[in-house]
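A.B. asks: Residues per chain are reported as follows:
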Amino acid sequence: MTFYNLKKQYDNFDFDEFSNSVECLDIEKILQKDSLSATDFLSLLTPKALVFVEQMAQKAHEISVRQFGKNIILYAPLYVSNFCINNCVYCGFSTTNNIKREILTFEEIEQNCKVICEYGIRHILLVCGESPEKTSLDYLEKCILVLKKYFECIDIEIYPLDVKGYEKLQSAGAEGLTIYQETYDKKLYKTLHTKGAKSNYEYRLETCQRAGLANFRNLNVGTLLGLNDFISEIFFTGLHAKYLQDFFPSCEIGMSFPRLRPTISHYQPKTQISDKKLVQAICAVRLFINRINITVSTRESNEFRKKLVPLGITKMSAASRVEVGGYTKNYGDGQFKVNDTTTVNEVKEMIYKAGYQPVLKDWMIL
Amino acid sequence: MEDILNIQGLELKSRIMIGSGKFPNNSLIPEIISASGSEIITVAVRRFDFGNPKENIISFIPKNIKIMPNTSGARNAVEAVRIAKIAQAACATDLIKIEIITDNKYLLPDNYETAKACETLAKENFKVFPYMNADLSAARDMKNAGACAIMPLGSPIGTNRGLEAKAMIEILIEEIKLPIIVDAGIGKPSHACKALEMGCAAVMINTAISSSKNPILMAQAFKNAVAAGRKSFLAGFGETSKAAKASSPLTGFLE
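Chains S and E are the protein sequences, given in the same order. Under numbering that gives the first Met the number 0, think of the first position of the first sequence as 0, with each following residue one higher. Under numbering that gives the first Met the number 0, think of the first position of the second sequence as 0, with each following residue one higher.
Honestly, the hints are just simulated from the structure, not real lab data. It should be emphasised that the depicted structure is a prediction, and the values quoted were computed from it without experimental measurement. Among the hints, erroneous ones may be present.
[What the hints assert, rightly or not] Restricting the straight-line Cα-Cα distance to at most 30 Å, the calculated cross-link-like pairs of lysine-lysine (DSS-like) are:
1) E:K12 / E:K187
2) E:K244 / S:K276
3) S:K306 / E:K53
4) E:K104 / S:K275
Take the sequences, apply the hints, and build the full model.
C.D. replies: This is the structure in C-alpha cells:
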C-alpha cells in the first residue's frame, strides 16, 4: 500500500471529535506502554496530553539517550539557487516575490564549501528552489561532485525527482533526502500550491518513496507548522515517517518540525504553534517512533534549541545562511528569516552546556 | 596465575571492552577506560575525523589502549569491507568489528551479510569480530569463514535489557570453540557478571555506562562485576538442587 492510500483511510476522520473523546486516563495508560499504536500517538497530540508534557519529556529523554547517546550531529544548508517555478504563498522564493534570482557557478559553490569547512561542518544539505530548467539534474549532479570534495555526508533538499533522477544523484554521492509535504491536508495543499510541479499533491507525497527505491540512506520528512492545524499535521507526518521506516528498514528516517518564519511574502500563519505544543509534538514522535532522527534547524532560537536538546533531538543546523551562496556574498533575500544566528562554535558550546556532544562527522562517502 | 584472554594473538588481561558512540563528551573516554580497566575500545569508522584532530575521537583514546574499529553504518558486506579497509589504512590495525545493520528500527545485525564480510576480510588477514544475532548456524558460518571471536547480542542494542538471548548464547559457548563476547544489551553490572559466569570470554559495554548518571562509577562497577563473574567461572559452581540436603539427616539411623 502506498502512503497516499494509507492516508486516504483517514479522509473522513474527525480529529476534533477524537480529541474531545480522549481522557486523562487514556494518556496515563499510553505512557505506560513500550510500543504505541497510531491511535496512541494521536492521543498524545491532543490538548488533554498537554497536561502530561513533563512525563512525555522524561520518557522521550530516556528513550533518546538509550537509542542515540548524548550526541547531536551538526550540519549546514547550502543554497545554490533561488529560481523557482512555484508560487507557495508562504515562501520567500515564490514566483510572486520580486527578489534577485541567482544560481551559483561551480566556482562559487567551491568558495562556499571552503567557508563552511572552515567552520568545521562536515555534513551538508544542498538546497535549491524548484526550477528543473535552471537547476537541471546535470547541474545538481555536478554540484554534488563538488560537495564531495569537501564533505563527508551530502543530503539534498530539491524539487521532487523520479526514481532515475534520484539514482543519478545517489551515484554521484548524495546520501539523504529532505522534503517537506508542507501540509498533509490535500484541499489546503491545492489552495497553497496552485501552479507548477508542486501542485501535484500525490507526486510530492510519494517523493521519499522514490528516493528510498533509489537507495538513499536517509529520508527526512516534515510539515510546515503554521499552515494548518497542529494535531492532524503532526499525526500524518509521524505516520508518514513510520510508513517509510516499515517500508525501508535499512534507511534512517528523520523528521523536522519547521515552524513558519517571516519571509518577504509576509504570509500570516493560520495557526500559531506554541513552544509547549512543539515540545509535545517532538516528545510524541519520539515515543511513537523510538528510532527516528529529529532535526531542529536555525528557524528556532539558540536558547530554545538548547532546551530542546535533551528531549530527543539528534540533528541541528548551525551558522545557516538561507540566501543563495550566503556564506561568501553580501546577503540577499533568503528563503526565510533565520532565528538562531550564532556561529558553529557557539552552537557547539550551547550543546556542550546542555550536557551533550556536538558531532561534526558521522559518516563518510563510500 | 594470570588469566589472559588470547584471541589469535590479541592478549587482554581485562575482559571488558568499551563502546564509544554514546558518551556526552569524548573527554570522558580516558577516565571511563581507566575506571573500567578495559584495554580495548571500539570506535565507529564513520566517526574518524583525522581532518579535525581536536575533535577526532581517536585523539581522546590513551596510547596504550587498543582500538578495534567497527563498521557501523554498513548495510551490506560490500560496504562493511570498504569501511574495514578505510579503518585499516587509518589506524594501522588488523582488528575489525563487523556491524552490518539492515534494520534501523531495532538495529539488529544481518547475520547473512556479516558472514559474507567475515569471509572476505578474514581472507585479507583481518582479525574479524562479527557482531551477530545469537544463532548457532550463523556462528558456525562465521567461524568457518575465519572469524576469531563471535559477538552475539544479549538483547537489542541500547535497551539495557540484559541477557535475554541467554539460552542461545549458552549454546554458542557450548558449540563454538571461539571466544564468545556478548556485545549489546547489557544494562547492569549483574548482567555482565552473569555473562562471564556462563563462560563468555568478555563483554562489550557502552549504553549501560553512557546512560548512567555517573558513568565513571558505573564503569568501576562493571570492572568489579566482570572480574567477579570470571573468577566465579574459573572457580566452578557447587551443584544446585531443588531438593533440600539436610546437614542432619533424619534417616541416618537406618545406615
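A.B. asks: For the pair supplied as a hint, K12 (chain E) and K187 (chain E), is the alpha-carbon distance within the 30 Å limit?
C.D. replies: holds (21 Å)
A.B. asks: So if I understand the rule, the pair passes when the alpha-carbon distance is 30 Å or less; does K306 (chain S) with K53 (chain E) pass?
C.D. replies: Holds, because 26 Å separates the two Cα atoms, which is no more than 30 Å.
A.B. asks: Within 30 Å, alpha carbon to alpha carbon, are K244 (chain E) and K276 (chain S)?
C.D. replies: violated (64 Å)
A.B. asks: When you check the alpha-carbon spacing of K104 (chain E) and K275 (chain S), does it fall within 30 Å?
C.D. replies: At roughly 28 Å apart (the allowed maximum being 30 Å), K275 (chain S) and K104 (chain E) satisfy the hint.
The earlier numbered hint that this structure contradicts is number 2, and it is the only one.
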